[in-house]
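Combine both chains into one complex, guided by the hints.
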Amino acid sequence: MTIDEALPVSRRKEVVRQGVSVGVATGLYGVSFGALSVASGLSVLQTQALSLLMFTGGSQFALVGIIGAGGSGTSAIATASLLGIRNGLYALQVSQFLKAHGPKRMLAAHITIDESTAVGIGQEEPAAQRIGFWVTGLAVLAGWNLMTFVGALAGNALGDPKTWGLDAAAAGAFCALLWPRLATGDGRAAAVLAAFIALLTIPLVPAGIPVILAAVAAVIVGWMAHGRHERGEDGLPGAEPTP
Amino acid sequence: MNTWTTVLVACALAFVLKFSGFVVPARLLEGPRISRISALLPAALLSGLIVTQTFAGSDGRIVLDARLAAVGVAGILLWRKANFLVVVGAAAATAALLRLAGWS
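Protein chains in written order, with my numbering: chain W, 1 to 243; chain E, 1 to 104.
So here's chain E without its partners, still in its complex pose (with noise of 0.2 Å):
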């Protein structure tokens, strides 16, 4: 499959799938068991992103990088009650440091 037609397939679904959202009948979230399902999955997936995201390697390994230590300051930051940009700014500082200092 050409690059381009996988970017504009890839998008075209990416969209579908946001609509799609919008167009299913409001009753399907009706109930209290479902609203409190959906109003948990944010917090699920957020969560499994920031895990995929600190410590899957390229070859679907677990790797302990820069980026578990980013990630502890972003948490103590976070605790600390700062501010998005400085959580931000400190989880990036903090891998590039390490990563200049020659920690993986």
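So here's chain W without its partners, still in its complex pose (with noise of 0.2 Å):
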């Protein structure tokens, strides 16, 4: 990476620790993934190369959820891109701030996950943004490797995942990373309208579109918070930065 601005060595430091803590809490459910994966019939193998290659833990819970449940190869295949469109969303964000080509591009693209993003776009300076993006995103890739070879090989002594709470422990992880974005009204007024949605609808249509469907939360949020920022009703400037 490049650094191409001065940020305070302390500054650096404070977002290079906040990315690590971000990559071990992630690689903790790895441990889940990696259980699950293979309790859902897939071998060692096939549930490290999700985690290598796919790299994107609710496409990849997904994967394993459908075919374990015996659903269709097309509709595990069909869900978990469903949830990878988030990640293209991310791009165009990270995009802004990364300025990154050729291979390293490539590797920019394959870590842009959830949590490099959140951690990216959650810090003031540009400088502190790539940092931030790229310590979390290997620290993530390296200990979601780590954790779902540990998982698929301890899947079957550990019995269960949800024995140990390990499910819980990927929705408390959500909460935490959702945490920082409530604090704008319009990031709350989106994530409870796209938990309605998703509630609504869980009865209603496949695992994994519900998550889709809230998205449509941002779009409607975001289309009618412009109309009166617009006409300065909060006297905000265009889009507020997520804290």
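By construction, these hints were calculated from the structure, which means they are not laboratory data. Fair warning: there could be bad hints in the mix.
Among the chain W residues that face chain E by a calculated CB cut under 8 Å, a handful are [what the hints assert, rightly or not]:
(1) V44
(2) Q46
(3) A80
(4) A91
(5) N145
(6) G187
(7) A190
(8) L199
(9) P203
(10) A215
(11) A218
(12) A225
Only some residues are given here: those of chain W computed to face chain E with a beta carbon under 8 Å [stated by the list, open to error]:
(13) A39
(14) L42
(15) L107
(16) A118
(17) A198
What follows is a list of derived Cβ distance ranges for each label pair [as the list claims (entries may be wrong)]:
(18) E/I62 - W/S10: 41 to 51 Å
(19) E/N2 - W/A183: 19 to 29 Å
(20) W/M106 - E/G102: 48 to 58 Å
(21) W/G102 - E/A12: 18 to 28 Å
(22) W/P203 - E/G72: 31 to 41 Å
(23) W/T74 - E/S58: 37 to 47 Å
(24) W/G185 - E/M1: 18 to 28 Å
The beta carbon of each residue, even a glycine, is placed where N, CA and C say it ideally should be.
Next up, the structure:
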């Protein structure tokens, strides 16, 4: 990575620490993916291939969940890919501050996931955004793959990952990632509307789709908020930075 | 479809989706309305993920179980400004202990 702007050492350390701790935390529930994947009938090698090559937790869980439930390969691929759309949306934002080219851009694309994007765009300074993105992405890649391997091997010994609350650990991690985004009124509105959409659609559509439908909340709130902000009702200039 | 084919096709599509965000013209993101929407997308998706991970049962029904208590504990800890790892660990421990005690 290139550090083309002076960033105080203390600030840099802070961002690196944040990224590494997210990597460790995410790695923890890599155990749950490894165990769940093997329990769904995938081999250790297939499980590891998903963590290394697909590298996007939600899609991986969806894929093995559908295979484990006896779903077709096509529906597993479709659901995993729908969930992966958000990474493309993240990439749109990440590319704004990353300015990576060639092989570096390929690697950046590969590590464009919830966590790296959240830590990256959560920083104020562009240099800190880049450090946050790279450190988090690479830390999660390492931790997630290591712990997937541990989980896959321990899968049978560990038994049901639910016994250890590993499914709830994932939900807890998503809560922690969402929390700073609730600092703005628009963020809260989008989150609440999204929660309602997901809750209402869980019984109606296949697993994985409610999350995609929840994204509509961002369009609705963003669209309406834009009109409100443009009329100067809250005095905010343009899109506010994500905290 | 054989499992390896499923795995590898899904992996390839996952990368294509990620990479596409880097190569679409930047002007698509210009304009305050689009940037406002894209800034709100993670909040909406994360919220949707929390709800599905908390309430979705294996057969598409809404289920109230130990996961809801775990998310409640996570929320309280976040409100108390707890560290990320503490939140994740406490959520897991809450669900594990409730299940040990026999509640779903």
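Hints versus structure:
Of the supplied interface hints, the one on W/V44 is violated, with its beta-carbon coming no nearer than about 12 Å to a beta-carbon of chain E, more than 8 Å. Using the Cβ-Cβ criterion of 8 Å, the hint placing W/Q46 at the interface with chain E is satisfied: the shortest such distance is roughly 5 Å. Hint on W/A80 holds. Least Cβ distance to chain E is approximately 5 Å, under the 8 Å limit. The interface hint given for W/A91 is met, as the beta carbon of that residue sits about 2 Å from the closest beta carbon of chain E, less than 8 Å.
Hint on W/N145 is violated. Least Cβ distance to chain E is approximately 13 Å, over the 8 Å limit. The interface hint given for W/G187 is met, as the beta carbon of that residue sits about 5 Å from the closest beta carbon of chain E, less than 8 Å. With 8 Å as the threshold, the beta carbon of W/A190 comes within range of chain E, its nearest partner Cβ sitting at about 4 Å, so the hint holds. The criterion of a C-beta within 8 Å of any C-beta in chain E is met by W/L199, whose closest approach is roughly 5 Å, and the hint holds.
About 6 Å separates the beta-carbon of W/P203 from the nearest beta-carbon of chain E, less than 8 Å, and the hint is met. The criterion of a C-beta within 8 Å of any C-beta in chain E is met by W/A215, whose closest approach is roughly 5 Å, and the hint holds. Proximity of W/A218 to chain E holds as hinted, the smallest CB-CB distance being about 4 Å (cut-off 8 Å). With 8 Å as the threshold, the beta carbon of W/A225 comes within range of chain E, its nearest partner Cβ sitting at about 6 Å, so the hint holds.
Evaluation of the W/A39 hint against chain E yields a violated restraint, the C-beta minimum of about 13 Å exceeding 8 Å. Of the supplied interface hints, the one on W/L42 holds, with its beta-carbon coming within about 6 Å of a beta-carbon of chain E, less than 8 Å. The beta carbon of W/L107 comes no nearer than 11 Å to any beta carbon in chain E, farther than 8 Å, and the hint placing it at the interface is violated. Proximity of W/A118 to chain E holds as hinted, the smallest CB-CB distance being about 6 Å (cut-off 8 Å).
At about 4 Å, the closest approach between the beta carbon of W/A198 and any beta carbon in chain E falls short of 8 Å, and the interface hint on this residue holds. Here the CB-CB span from E/I62 to W/S10 is close to 47 Å, well matched to the stated 41 to 51 Å. The hinted range of 19 to 29 Å is not satisfied by E/N2 and W/A183, whose Cβ atoms lie roughly 47 Å apart. Checked against the given bound of 48 to 58 Å, the beta carbons of W/M106 and E/G102, roughly 50 Å apart, stay inside it.
At roughly 20 Å, the beta-carbon separation of W/G102 and E/A12 lies within the given 18 to 28 Å, and the hint holds. As the Cβ distance of W/P203 to E/G72 is approximately 22 Å, the hint placing it in 31 to 41 Å is violated. Hint check: W/T74 to E/S58, Cβ distance near 20 Å, so the stated range 37 to 47 Å is violated. Separation of W/G185 from E/M1 is about 46 Å and departs from the stated range, judged on CB atoms against 18 to 28 Å.
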